Amino acid sequence: MTGAILFHELTARQRIAAIADKGSFDELLPPPERITSPYLAQLGIPVSFDDGIVIGHARIGGKKVYLAAQVGPFVGGAVGEIHGAKLTGLFKAAARDKIPCVLIVESGGVRLHEGSSGEIAIAETMRAIFECRALKVPTIAVIATDIGAYGGIGILSTCCDFRVMTEHGRLGISGPIVIEKWMGKKAYDSANRALVWKTSGGKTKYLLGDADALVHDTADAVRDGISRFLGKSSAVSLTAVKARQKELEKRLKKFGAATDPDAVWNGMGVRNIEAASLASGPEFVALAKRGK
Amino acid sequence: MKKPTPKKPSARAVLARLFGASATGIAIEKSVLTGYAMVDGAKVCVIGTCDGTYIDNEAALRLAAHVIQCIERQPKTPIIMLVDSAGQEPNRVAEMLGLASYFGHLLSCLELARRKGHKLITVATGQAVGGAFLCYGMFADRIYALDSASVGLMPIAAMSAVTKIPAPVLEKLSKTMPSLEFGAAPFALLGGVEEVWSAEDDVQAKLAQALANSSTEDNRAELGKKRGGRKLALDIRQKVLAESAR
Amino acid sequence: MEKFTKAFPSKPLPSKTASPWALAGVVGSGNLEVLLERGGRPATAMECHVETSIPGYKAAWLAALADFAHHYPAGGTKVTINDQGAPPVLVTLRLRQAYDHLIKGDK
Amino acid sequence: MITAKSAKRRQNKAERIARVGKLARGKFVVPGKVPEVLRRIIEPGDILCLEGDNQKQADFLANQLATLDKKDLRDIHLVMSCITLPAHIELFKKGMIKQVDFCYAGPQGTAVADLVKAKKFPVGAIHTYNELYARYYIDLTPRVALIAAAQADRKGNLFLAANTEETPAIVEPTAFSDGIVFAQVNEIVDKLPRIDIPADQVDFVVQAPYPMHLQALFTRDPAAITDVQVLMAMVALRGIYEKYEVQSLNHGVGFNTAAIELLLPTYGERLGLKGKICKYWMVNPLPTMIPAIESGWVESVFAVGGEVGMERYTAARSDVFFTGRDGSFHSNRAMGQLAGHYAIDMFIGASLQIDINGNSSTVSKNRITGFGGAPNMGCQPTGRRHPTKAWLKAGAEANPGPGSPPGRKLVVQMVETFQAGRVPTFVEELDATDPSIRKALHGVTPVMIYGDDVTHIVTEEGIANLAACRSVAERQAAIRAVAGYTPVGLKRKKRETEDLRARGIVQLPEDVGVRPSEASRSLLATQDIKGLVRWSNGLYDPPSQFVDW
Chain P
7 MTGAILFHEL
17 TARQRIAAIA
27 DKGSFDELLP
37 PPERITSPYL
47 AQLGIPVSFD
57 DGIVIGHARI
67 GGKKVYLAAQ
77 VGPFVGGAVG
87 EIHGAKLTGL
97 FKAAARDKIP
107 CVLIVESGGV
117 RLHEGSSGEI
127 AIAETMRAIF
137 ECRALKVPTI
147 AVIATDIGAY
157 GGIGILSTCC
167 DFRVMTEHGR
177 LGISGPIVIE
187 KWMGKKAYDS
197 ANRALVWKTS
207 GGKTKYLLGD
217 ADALVHDTAD
227 AVRDGISRFL
237 GKSSAVSLTA
247 VKARQKELEK
257 RLKKFGAATD
267 PDAVWNGMGV
277 RNIEAASLAS
287 GPEFVALAKR
297 GK
Chain E
141 MKKPTPKKPS
151 ARAVLARLFG
161 ASATGIAIEK
171 SVLTGYAMVD
181 GAKVCVIGTC
191 DGTYIDNEAA
201 LRLAAHVIQC
211 IERQPKTPII
221 MLVDSAGQEP
231 NRVAEMLGLA
241 SYFGHLLSCL
251 ELARRKGHKL
261 ITVATGQAVG
271 GAFLCYGMFA
281 DRIYALDSAS
291 VGLMPIAAMS
301 AVTKIPAPVL
311 EKLSKTMPSL
321 EFGAAPFALL
331 GGVEEVWSAE
341 DDVQAKLAQA
351 LANSSTEDNR
361 AELGKKRGGR
371 KLALDIRQKV
381 LAESAR
Chain X
20 MEKFTKAFPS
30 KPLPSKTASP
40 WALAGVVGSG
50 NLEVLLERGG
60 RPATAMECHV
70 ETSIPGYKAA
80 WLAALADFAH
90 HYPAGGTKVT
100 INDQGAPPVL
110 VTLRLRQAYD
120 HLIKGDK
Chain R
950 MITAKSAKRR
960 QNKAERIARV
970 GKLARGKFVV
980 PGKVPEVLRR
990 IIEPGDILCL
1000 EGDNQKQADF
1010 LANQLATLDK
1020 KDLRDIHLVM
1030 SCITLPAHIE
1040 LFKKGMIKQV
1050 DFCYAGPQGT
1060 AVADLVKAKK
1070 FPVGAIHTYN
1080 ELYARYYIDL
1090 TPRVALIAAA
1100 QADRKGNLFL
1110 AANTEETPAI
1120 VEPTAFSDGI
1130 VFAQVNEIVD
1140 KLPRIDIPAD
1150 QVDFVVQAPY
1160 PMHLQALFTR
1170 DPAAITDVQV
1180 LMAMVALRGI
1190 YEKYEVQSLN
1200 HGVGFNTAAI
1210 ELLLPTYGER
1220 LGLKGKICKY
1230 WMVNPLPTMI
1240 PAIESGWVES
1250 VFAVGGEVGM
1260 ERYTAARSDV
1270 FFTGRDGSFH
1280 SNRAMGQLAG
1290 HYAIDMFIGA
1300 SLQIDINGNS
1310 STVSKNRITG
1320 FGGAPNMGCQ
1330 PTGRRHPTKA
1340 WLKAGAEANP
1350 GPGSPPGRKL
1360 VVQMVETFQA
1370 GRVPTFVEEL
1380 DATDPSIRKA
1390 LHGVTPVMIY
1400 GDDVTHIVTE
1410 EGIANLAACR
1420 SVAERQAAIR
1430 AVAGYTPVGL
1440 KRKKRETEDL
1450 RARGIVQLPE
1460 DVGVRPSEAS
1470 RSLLATQDIK
1480 GLVRWSNGLY
1490 DPPSQFVDW
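Protein chains in written order, with our numbering: chain P, 7 to 298; chain E, 141 to 386; chain X, 20 to 126; chain R, 950 to 1498.
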């Protein structure tokens, strides 16, 4: 019950060190190059030497990968011009070299302080991700923290071949506070953490099939989760998109009128909600399967 | 936040301006556009939004369905994407069902179309902001905007409200940093829009030209650097590519 | 923002280190990042550059940095700090982490 | 023989009850009639007691009271532990209160400071809990007490469930002096699980339309414990718990002590301290104690109050917690405070501000909070006569004079040198010495714990053993030595610090065998609330604001 630090508590650099083979990570545009945001500097906001994203190459289980980790505590991990350009460059390098690309996501989306630059960067990165996919180069998003993947980065994460999540991870576009403001507290109480996680958390995303793996909140489990997909890719084919269209239509039809996430859990085969709530990673997966 | 207010001219008027008489082939249902029209005598597929609507799961699916239909039945027909949407539907059930995945699916469909030889051209006709722009319009080969369109992340007042940075400070900075400014012209300076079309322009001719000049090569970073609105992005991307190649 | 630069007397760094630079911490509310690099001048001082979002605590900064330079052989290093309101205890902690990382490399 | 005077008081009570007449059916009042009943049973000049401490509040009765106006209710001498509800503030705004005697005003601290400035808050004194309860028997005996209970039966017997808290301390002096006791209850049942207050001592009962307010005050999310707090906890464990073999103790509500609780089954176990320390506790059922209890560290826990969500767990661990015949948890604030005063080796807690002499306070010019119970425990009980190892050892270090007790209670302040937002904890002079505050309190500076009572201060820099200091100057130097980079700390002199260190009065982490690089959250028995639920085998039901699953 004790010993390891939870994956979601690590810093971006620690996350990389913990999942890459020992000593294998080589950082691109490392901190001594001091490529920092001129926007933040002009606004009197502290800058960071990596602009909120650590990128480079490494090995995972001996396999070469491109690896990026966003720094959630730095302006919410949000994407500015430099941050975004690093991300685009990395996926482009992955496509060029046909090496899998893993993004450890922790971002609320576009960095507002840099206006539309970050938005365009996200769009450019989406293009680069699909370049990889066309070449069958695996792209994997790891979503494991409460900052999670939101806004444009939420959408970007769904463009990758695979998503590995933990129960702490959240995936969405609009955050609970925004929705509460919009719909009222009655429709969405953003302080109701259980509801927030059942709306956007890893377990619900896994049940619906938007997360491809649900793993324990430890570096070892996340590494294993990534390894499962390093040799695979998910083709963008007519058969695939038609099947997905059907699936998403069915989902909307089945749950579009549901207000309670428990209905989704039940509908996706979870019988004992309370036990499933307490379970994590593979335990949850087993409980969900058992019910099906 | 305010509810979207329908902008003038009407959606039909915008469609007529873009596609002339052939615009009647485009259906508008719950502010989602799907159909076919003609540009310079050639058939195009049209998907889009109007009235500044919010895009929800259903809207995304309808757009995606039309793209799939086009791929299956109208091979290589160019797809014109019209954008007038204030954003993704901010709704708990939409989020619970995975709105992001619905958007990801729409993007996958567009990617498939591109790979199968469909040209993708976007025209921002009204509001083109946030997730609504990202989920299809910004994914085009080339992006154009009417000069009356509201293009960008968000207006300075909204940016100020969220970042708590006083609006005058942002106003002042936006003079030297076009990315902070809101609108089609500054967005073009960043490379996000290829060209802004004005009220005087013959937009049908422009659209035909856009189709002729289309390329699947993403040129936005180059444009941003050339136009001076986004000076760093291209160089940093190149640096990543160069250093990773070593 | 407040910026300042100062060098503190320190015994020279060991001639061999595991890496030429090390970074500890993140820039975030109540936190900071410390970049520690070889190649500061002179070899008998720790060269420090601080940028902090909370002005008015220069005396505490200088004392914490001086103490570190006094306790650790860090002469010939360059310390660059981006701070978003970290308490001094974190300054010392991050310096120590960056220093360990520089000397011993990855854990 | 009945004297005229006592007959008069009893007569007066009978008159008040008679005025209520048909508004009540026997003892029972319906919610809608409560304001009118209150108007009839309270007289101008009364000492009125409102039950409410930092956890449990008779909030329905307080809210009904606040619907009355000055024409209904005036010249009230209000006595109560904690001013925490908006309704309490309302009574002052309406000018009903001629004097108030209380202990604590946590959540309303800012409102109280504003009322003081507006001269609408006539304070008698700010007390500690037991001090105020004691005065209920001497010169502040309530004429009317408005209290809260979980259940009543048809006769008016009361069941207090896990939150007995201060109810008996209020009811007894009121009921035995011909005062009126009016209880709000969550439900009325045919049979109570156990009787905590006999019907004989209860005059009126109302079933409130909503359950009484209970604050989850002692729930600390392990996720919020920092590495620095883990470091301090390790230093405290080695430098104080281990050194003095502290067997009986009280913990405050802070994250520092939560870190200690979560280190016991891991770091503490590794040090071989199990069975040697931390066996007997006077503390509320802290969720962060679950791993230590499950690992067999804890012999017993007595509490001043309950904690939301710990009901099933405490009932299941009746070998550790005090429970009623029905098996459910029992607490008692007055008795708990008494136990914390006389019967423990150590009190350890945090403070917002500590001055250069070791005095601490949580009061500032814009926020008047008060004391609560900490000073009852964070002081030297000179009435104590029984020895324990820790008590004697601390006493010997303090070098008692011929007129002093041989032992000392360990009174430990555990603080980071800076509070959030880089506000220094250590100051030359407390904000509480502000003249306007002293004037409002009739010349008393609201000091939480006096420097003379403090034996140790633990910070991230190390430990200062104040009890071992031989002069005021030395104590000040020791405090500066652990005050880090605060303005107080920056004034320390290197040589003085080295000298104190050589004599063991100041100890750095390495002096007590702790390497700061070891300090990591990974040492905690669990890093989140969910882990506590798992440790409890699903018996702990955390409040919803802590649940994200």
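Derived from the structure by calculation, the hints contain no laboratory data. Heads up, a few of these hints could be off.
If you only want the chain R side, here are some residues facing chain X, beta carbon under 10 Å, derived [what the hints assert, rightly or not]: (1) LEU1180; (2) SER1267; (3) GLU1365; (4) GLY1370; (5) PRO1373; (6) GLY1462; (7) PRO1465.
Note that this is a predicted model, so its numbers are computed, not measured. Just so it is clear, CB atoms sit at the ideal spot from N, CA and C, and this is done for glycine as well.
To see whether the hints hold, each was checked on the structure:
1. LEU1180: 8 Å, holds
2. SER1267: At about 42 Å, which exceeds the 10 Å cut-off, the nearest Cβ of chain X leaves the hint on SER1267(R) violated.
3. GLU1365: 7 Å, holds
4. GLY1370: 7 Å, holds
5. PRO1373: Cβ of PRO1373(R) sits 9 Å from chain X, so the hint holds.
6. GLY1462: 18 Å, violated
7. PRO1465: Constraint on PRO1465(R) satisfied, holds at 7 Å.
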